Amino acid sequence: MTFEGHSTAKGLAVQLKDIRKRLPLRVLSQVDWEHWTTWGYVVAPAAVPEAHIRRLVDLLWEFSEMRPTDPTTWSRKQLRDHQMQELNNSGMVEIYNHQYLWDNRQYPRVYDAFVDVWDRPDLWVAIDRANLNTPNRDGRAFTGFIHWDVDTSLTPFPIGVQGVLSLVDTDSETGGFQCVPELFRTLEHWISTQPADRNVWRPDNSLLAHGIRPNVSRDRVRMAQYISMYPAEEQNVADRDARVRSWREREAPKRPAFPGDPRDWERTRYKTATLTTLGEKLLGSRSWHG
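At position 125 of the sequence shown the residue is numbered 125 (our numbering), and the sequence of numbers has no breaks.
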């Protein structure tokens with residue numbers, strides 16, 4: 001699983017790269033921690049059991065109405081267009097609350113890795129989706145993209161982190177996560193050199209933030225689950241209730257970036273996910289404070 005910037009925390013003044021650790025590391029090594037704070041990303045191998053990977057892979061094929069052994073089924077049109085134009089044809093799978101997604105979110109090693117990064121245990125997990133990025137062919141066109149998940153015109157910068165759980169082996173041909181660590185180190189200086197009317201969400205040159213590479217392979221796919229955690233906001237009752245409702249009713253989050261599934265398969269085909277005690281705390285249905 002690869003970590004990079006994403007869901008933002010409110011009321012925090014210290015950037016993640018500037019945290020002085022108080023809690024002992026659970027998953028990351030000291031070398032990993034130094035890499036994270038220097039370059040803005042780190043890889044945590046074997047984040048979930050292989051069985052979790054296999055069953056989620058099968059689910060994503062089923063949910064996408066594609067067959068892994070029949071590439072002629074891989075060029076289905078996306079069911080809804082994305083308001084974030086760069087996501088169109090990127091292979092986003094509009095599934096958010098299936099048991100298999102929650103099993104990975106509430107898996108202790110995944111949670112412990114986020115505790116390492118945030119240096120605190122009281123976290124919520126974002127209700128996010130998955131990705132199945134097939135090769136560019138048969139009229140399907142995806143050129144890849146680069147963006148930031150936050151408004152880089154804000155001072156101080158918003159604070160956040162995202163995990164990308166890779167479900168298959170990837171290489172330079174199959175697409176997948178990309179970033180430029182140098183920009184993480186020099187972002188303040190880079191911004192000072194840009195015109196005032198720059199796009200605060202997307203860089204205009206080769207100093208890349210992060211995004212998805214196009215799949216230029218002949219017959220392989222990229223598959224991943226997005227997992228983000230951030231400090232719990234238990235005082236935000238409206239947000240907490242919306243999260244619990246999304247889980248209980250198997251609904252996509254009510255946000256512009258998430259168009260949802262027009263077939264409504266999660267609600268009509270699958271049951272509400274069963275949560276562990278840790279999962280309930282990560283959702284917000286159970287308090288971290290007793």
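Keep in mind the hints are simulated off the structure, nothing from the lab. You may find that some hints are simply not true.
[To be verified] Below 25 Å or equal to it, Euclidean Cα-Cα: the simulated SDA-like pairs (lysine to any residue) are:
1. 21 <-> 93
2. 21 <-> 121
3. 254 <-> 268
4. 77 <-> 51
5. 254 <-> 287
6. 254 <-> 211
7. 21 <-> 268
8. 254 <-> 231
9. 77 <-> 17
10. 77 <-> 138
11. 254 <-> 37
12. 271 <-> 287
13. 271 <-> 248
14. 77 <-> 262
15. 17 <-> 122
16. 271 <-> 245
17. 254 <-> 240
18. 17 <-> 173
19. 17 <-> 30
20. 271 <-> 289
21. 271 <-> 240
22. 254 <-> 100
23. 271 <-> 121
24. 17 <-> 100
The model shown is predicted, which means the values in this text are computed figures rather than measured ones.
Starting from the hint list further up, note which numbers the structure goes against and sort them upward.
-> The structure breaks hints 1, 4, 7, 9, 11, 18, 20, 23, 24; every other hint is satisfied.
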